[in-house]
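Enquirer: Each chain is listed here by its residues.
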Amino acid sequence: MLTIDALCKIYPNGTQALEKISLNVDAGEIVALVGGSGCGKTTLLRMISGLEAPTRGHAALDGEVIHAPHPAVGIVFQEARLLPWLTVAQNISFGLDHLPKDEQERRVDEALLRVGLAGYGNRWPRELSGGQAQRVSIVRALVTQPKALLLDEPFSALDALTRESLQDHLLALWETHRPTLVLVTHDVEEAVALADRAIVLQPKPGRIFADIPIDLPRPRDRLSPEFAEAKRLVLKALDGSINQPHSHQAGRVQSPAAGGSF
Amino acid sequence: MSEATLDQTTTTNAQPKAARFAVFGTSFLLGLVLPVTAGLLYEAAFRAGLVQARLLPPPSRVFTTLWKLAQSGELATHVLATTVRVGMGFGLGALVGMLLGALTGASRNARRLLDPTLQALRAIPSLAWVPLFILWLGIFESSKIALIAVGVFFPVYLGVMAAIANVDRKIVEVGRVFRLSRLALVRRVLLPAILPDFIIAIRSGLGLGFMFVVAAEIMGASEGLGYLLVDGQQLGKPDQILAAIIAFAVLGKIGDWLIVVLTKPFLTWQDTHQRGA
Numbered sequence: 368m369l370t371i372d373a374l375c376k377i378y379p380n381g382t383q384a385l386e387k388i389s390l391n392v393d394a395g396e397i398v399a400l401v402g403g404s405g406c407g408k409t410t411l412l413r414m415i416s417g418l419e420a421p422t423r424g425h426a427a428l429d430g431e432v433i434h435a436p437h438p439a440v441g442i443v444f445q446e447a448r449l450l451p452w453l454t455v456a457q458n459i460s461f462g463l464d465h466l467p468k469d470e471q472e473r474r475v476d477e478a479l480l481r482v483g484l485a486g487y488g489n490r491w492p493r494e495l496s497g498g499q500a501q502r503v504s505i506v507r508a509l510v511t512q513p514k515a516l517l518l519d520e521p522f523s524a525l526d527a528l529t530r531e532s533l534q535d536h537l538l539a540l541w542e543t544h545r546p547t548l549v550l551v552t553h554d555v556e557e558a559v560a561l562a563d564r565a566i567v568l569q570p571k572p573g574r575i576f577a578d579i580p581i582d583l584p585r586p587r588d589r590l591s592p593e594f595a596e597a598k599r600l601v602l603k604a605l606d607g608s609i610n611q612p613h614s615h616q617a618g619r620v621q622s623p624a625a626g627g628s629f
Numbered sequence: 003m004s005e006a007t008l009d010q011t012t013t014t015n016a017q018p019k020a021a022r023f024a025v026f027g028t029s030f031l032l033g034l035v036l037p038v039t040a041g042l043l044y045e046a047a048f049r050a051g052l053v054q055a056r057l058l059p060p061p062s063r064v065f066t067t068l069w070k071l072a073q074s075g076e077l078a079t080h081v082l083a084t085t086v087r088v089g090m091g092f093g094l095g096a097l098v099g100m101l102l103g104a105l106t107g108a109s110r111n112a113r114r115l116l117d118p119t120l121q122a123l124r125a126i127p128s129l130a131w132v133p134l135f136i137l138w139l140g141i142f143e144s145s146k147i148a149l150i151a152v153g154v155f156f157p158v159y160l161g162v163m164a165a166i167a168n169v170d171r172k173i174v175e176v177g178r179v180f181r182l183s184r185l186a187l188v189r190r191v192l193l194p195a196i197l198p199d200f201i202i203a204i205r206s207g208l209g210l211g212f213m214f215v216v217a218a219e220i221m222g223a224s225e226g227l228g229y230l231l232v233d234g235q236q237l238g239k240p241d242q243i244l245a246a247i248i249a250f251a252v253l254g255k256i257g258d259w260l261i262v263v264l265t266k267p268f269l270t271w272q273d274t275h276q277r278g279a
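From first to last, the protein sequence lines stand for chains A and B. For the first sequence, our numbering puts the final residue at 629, and the numbers step up evenly by one. For the second sequence, our numbering puts the final residue at 279, and the numbers step up evenly by one.
Check each hint, because a few of them may be wrong.
[Unchecked claim] Calculated cross-link-like contacts (lysine to aspartate or glutamate; reagent style EDC-like; alpha-carbon spacing at most 20 Å):
1) A:Lys514 / A:Glu494
2) B:Lys172 / A:Glu520
3) B:Lys239 / B:Glu45
4) A:Lys598 / A:Glu520
5) A:Lys387 / A:Asp372
6) A:Lys514 / A:Glu396
7) A:Lys598 / A:Asp554
8) A:Lys598 / A:Glu542
9) B:Lys172 / A:Glu446
10) B:Lys266 / A:Glu494
11) B:Lys172 / A:Glu419
12) A:Lys514 / A:Glu542
[To be verified] Some residues of chain B that are not near chain A, with every Cβ distance over 12 Å (derived):
13) Leu36
14) Leu42
15) Ala47
16) Glu76
17) Thr119
18) Pro133
These are computed hints drawn from the structure, not numbers from a lab. The beta carbon of each residue, even a glycine, is placed where N, CA and C say it ideally should be.
Generate coordinates for the entire structure from the input sequences, incorporating the hints supplied.
Expert: What follows is the structure in structure tokens.
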């Protein structure tokens, strides 16, 4: 289980990015972090990954506090971030250095097959399209068989068609080992299509505004009324989260004198 | 997905060898047009008695001198002497420049400690060191190699430092996510990432190495292409000076070409607009 306990992040310049975030994600659960820009969703993800340290509080995987990148936590970034001097196969096996060569090859071949890129092992990253590169990036994170996979707006740079096909690929990959998925997105449709729960964050400082369960059977029909209803619920919460901060903000900065004039 | 685009990339990549060679040949010949025409015109003007060739001998005479030097074995001696000096000075300067550049590029503290001093030293015109080097190291090989090494050091140092400091944070983060040790990060991420810049730094270093070997040999040597230059000046033999200059050009070009050819296999991954040209 992924546990996030009273996590705060204050940047050196005084900006409070996150305020006391607490969240439990069950093993194998898919959670989407949704929110407007600047609500700290990427910051939260980077702290779960161990790339950044929280100011207070902590994130833990199965009770083990995460201080630095953890072997059982994988991450996929917004950009594919493939190493351009390695072939596709070498990129995928980048985190498999500790395994024997034939096991590496076996996992790479299987991974390529699963994302429809069989035979692409010897290509250079420059020869891939954006969607292909992102698929390689996802399997690079998954071949190490992490318990949790974090995804930071992984499909936001892709066109709508490619995005949908990659969401399906992601779900298919998730089915094999059922890792915990934490997906940061600003796309409500994506959240409803993939997640068991949508966590709506509100900005300044980043907090959890709503925790919406999405109890739809998989595979999900994007055109069904239930899907539309779930989307509507998340959108409504998102609207609320964006309109909320002003009143909240005013309350926080209110001086005693100003408070009296109300 | 976009199979069509992919196939296209592969075809431009796997251009037939012969075709590529033809393109190379054409651009090579095109580059020769200007110097060859100028040489032929001057030769013709000389044959027609239009120019006095005492100070600027025609190409035929320069190449005759070059040929004579080659036949007597003198040219080989001089070329060897110069090559050994450049090789040793370049090796020393490039190695130290690479190590210090990697250190200051990778560690902010090392940069704060070392870089101001090195930049101050860089501001000194390198030839100003000559008297000191001669006092310290004598007039023979050591002082010459030291001077060449100083010339090679700075471009390599600057190039490597800037390249390492400019490696994309996003790429370095990939290494962090996979928990690479510091050494593994250098080996598996930083070094391959800076390779293209490193090669440019090495090439400009070698260029400066040739510049400084001339300076060193002009200031006192009994052999080397620079010696041929001075000897030609003192004995009034412009054809010998020009022959030495041509030898320098060929030698420098071969050195640069060697770097390019030897490193090319490591750069096939690059995604540049002139790839394959």
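Enquirer: Now, for every hint given, state plainly whether the structure supports it.
Expert: Status of each hint after checking the structure:
For the suggested pair Lys514 (chain A) and Glu494 (chain A), the alpha carbons sit about 31 Å apart, so the restraint of at most 20 Å is broken. Between Lys172 (chain B) and Glu520 (chain A) the alpha-carbon distance is near 15 Å, which keeps this suggested pair within the 20 Å criterion. For a cut-off of 20 Å, the pair hint linking Lys239 (chain B) to Glu45 (chain B) stands: about 18 Å separates their Cα positions. Using a Cα cut-off of 20 Å, the hinted pair Lys598 (chain A) and Glu520 (chain A) holds, with the two alpha carbons roughly 18 Å apart.
The suggested pairing of Lys387 (chain A) with Asp372 (chain A) holds, with an alpha-carbon distance near 8 Å, which does not exceed 20 Å. Proximity of Lys514 (chain A) to Glu396 (chain A) is assessed by CA-CA distance (about 11 Å); at most 20 Å being required, the pair is judged to hold. Distance restraint check for Lys598 (chain A) and Asp554 (chain A): the Cα-Cα separation of roughly 10 Å lies within the 20 Å cut-off, and the hinted pair is therefore satisfied. A hinted pair counts as satisfied when its Cα atoms are at most 20 Å apart, and Lys598 (chain A) with Glu542 (chain A) does not qualify at roughly 23 Å.
Of the pairs offered as hints, the one joining Lys172 (chain B) and Glu446 (chain A) holds, with about 9 Å between alpha carbons and a cut-off of 20 Å not exceeded. With a C-alpha separation of about 19 Å, the suggested pair Lys266 (chain B) and Glu494 (chain A) falls inside the 20 Å cut-off, and the hint holds. A hinted pair counts as satisfied when its Cα atoms are at most 20 Å apart, and Lys172 (chain B) with Glu419 (chain A) qualifies at roughly 13 Å. This hinted pair checks out: Lys514 (chain A) and Glu542 (chain A) have alpha carbons roughly 13 Å apart, not beyond 20 Å.
For Leu36 (chain B), the condition that its CB be more than 12 Å from all CB atoms of chain A holds, with the nearest at approximately 36 Å. Every CB of chain A is more than 12 Å from the CB of Leu42 (chain B) (nearest about 45 Å), matching its label as outside the interface. Against the 12 Å criterion, Ala47 (chain B) stays outside the reach of chain A, whose nearest CB is about 52 Å from its own CB. With a least CB separation of 46 Å from chain A, Glu76 (chain B) remains clear of the 12 Å interface cut-off, as annotated.
With a cut of 12 Å on Cβ distances, Thr119 (chain B) stays outside the contact zone with chain A, its closest approach being about 30 Å. With a minimum CB-CB distance of about 46 Å to chain A, Pro133 (chain B) clears the 12 Å threshold, and the non-interface call stands.
Taken one by one, the earlier hints fail for this structure at numbers 1 and 8, listed in ascending order.
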